[in-house]
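Student: Based on the sequences and whatever the hints tell you, model everything.
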Amino acid sequence: MLTKKLGLLLVLLHLSLLGFGQSDDALKTDSDRGKMMVRIAELEIGTDYLDEYLEILKEESEASLRLEPGVICIYPMFQKQNLTQIRLLEIYANKEAYELHLKTPHFQKYKTTTAEMVKDLKLIDMEAIDPESMSMVFKKYKF
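Residue numbers (mature numbering (1 follows the signal peptide of the UniProt record, and there is no 0)): -21 to -1, 1 to 122.
Careful: at least some of the hints might be erroneous.
[As the list claims (entries may be wrong)] Dumping the calculated DSSO-like pairs for lysine-lysine here, alpha-carbon to alpha-carbon at most 27 Å:
#: 1; residue 1: Lys88; residue 2: Lys74
#: 2; residue 1: Lys90; residue 2: Lys74
#: 3; residue 1: Lys98; residue 2: Lys14
#: 4; residue 1: Lys82; residue 2: Lys98
#: 5; residue 1: Lys37; residue 2: Lys88
[Claimed, not checked] Restraint-style ranges between C-beta atoms, simulated for each label pair:
#: 6; residue 1: Asp30; residue 2: Lys74; range: 22 to 28 Å
#: 7; residue 1: Glu111; residue 2: Glu34; range: 33 to 39 Å
#: 8; residue 1: Asp30; residue 2: Tyr54; range: 16 to 22 Å
#: 9; residue 1: Tyr28; residue 2: Lys101; range: 16 to 22 Å
#: 10; residue 1: Met115; residue 2: Asp30; range: 35 to 41 Å
#: 11; residue 1: Lys121; residue 2: Thr91; range: 36 to 42 Å
#: 12; residue 1: Asn73; residue 2: Glu31; range: 31 to 37 Å
#: 13; residue 1: Glu111; residue 2: Glu23; range: 33 to 39 Å
#: 14; residue 1: Thr91; residue 2: Thr26; range: 17 to 23 Å
#: 15; residue 1: Glu23; residue 2: Pro48; range: 16 to 22 Å
#: 16; residue 1: Gly25; residue 2: Lys59; range: 15 to 21 Å
#: 17; residue 1: Thr83; residue 2: Glu34; range: 14 to 20 Å
#: 18; residue 1: Ile108; residue 2: Lys37; range: 27 to 33 Å
Because the hints were derived from the structure by calculation, they are not lab data.
Glycine is no exception: its CB is placed at the ideal position from the N, C-alpha and C atoms.
Tutor: Structure follows, in structure tokens:
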């Protein structure tokens, strides 16, 4: 079961890489150096704000992937049984890329416009178990 969940997570990561200029070699280089930063953000959104929040989040995550070479993945999702429970899988080439991300106009707009909408936020730093296999999994998946 855990293996299936990890496999699905890796497939979702690959979706975020397509078309956004991040090559497998660049991803592997940062992974090999142990610099890749992985985080899961857990958010609870106020029910009255859900539709507006989702639109703002989609805009911000798309801009981050398109404009920032160091943003490998920002993949937003929600719990099927509770739509106000949002999760984001965030992967940055390194800590510096994350720090640059925080200063971008699109992220600043997201933070200021959603401040009242977010009831709870928890940031969980993660460590990849086998970062070298990431590009191999992506090559296997056919879109």
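Student: Give a verdict on every hint.
Tutor: Structure-based check of all given hints:
1. A C-alpha spacing of about 21 Å is found between Lys88 and Lys74, which places the hinted pair at or below 27 Å, so the restraint holds.
2. Only pairs whose Cα atoms come within 27 Å are accepted, and Lys90 paired with Lys74 is accepted, the gap being roughly 19 Å.
3. Under the criterion of a C-alpha separation no larger than 27 Å, the hint pairing Lys98 with Lys14 is inconsistent with the structure, at around 31 Å.
4. A distance of roughly 23 Å separates the Cα atoms of Lys82 and Lys98; the hinted pair therefore holds under the 27 Å criterion.
5. Our distance criterion of 27 Å between C-alpha atoms is met by Lys37 and Lys88, whose separation comes to about 13 Å.
6. Here the CB-CB span from Asp30 to Lys74 is close to 33 Å, at odds with the stated 22 to 28 Å.
7. As the Cβ distance of Glu111 to Glu34 is approximately 37 Å, the hint placing it in 33 to 39 Å holds.
8. A C-beta distance of roughly 20 Å is found between Asp30 and Tyr54, which places it inside the suggested range of 16 to 22 Å.
9. At roughly 18 Å, the beta carbons of Tyr28 and Lys101 sit within the given window of 16 to 22 Å.
10. Taken as a hint, the range 35 to 41 Å holds for the pair Met115 and Asp30, whose Cβ atoms sit roughly 38 Å apart.
11. In this structure, Lys121 and Thr91 meet the distance hint of 36 to 42 Å, their C-beta atoms being roughly 40 Å apart.
12. Roughly 33 Å separates the CB atoms of Asn73 and Glu31, a value that falls within the hinted 31 to 37 Å.
13. For the hinted restraint 33 to 39 Å between Glu111 and Glu23, the CB-CB distance of approximately 35 Å keeps it satisfied.
14. The hint said 17 to 23 Å for the Cβ distance between Thr91 and Thr26, and at roughly 21 Å that hint holds.
15. In this structure, Glu23 and Pro48 break the distance hint of 16 to 22 Å, their C-beta atoms being roughly 31 Å apart.
16. Hint check: Gly25 to Lys59, Cβ distance near 19 Å, so the stated range 15 to 21 Å holds.
17. Between Thr83 and Glu34 the beta carbon distance is about 18 Å. The supplied range of 14 to 20 Å therefore holds.
18. Hint check: Ile108 to Lys37, Cβ distance near 29 Å, so the stated range 27 to 33 Å holds.
Hints 3, 6, 15 from the earlier list are contradicted by this structure; the remaining hints agree with it.
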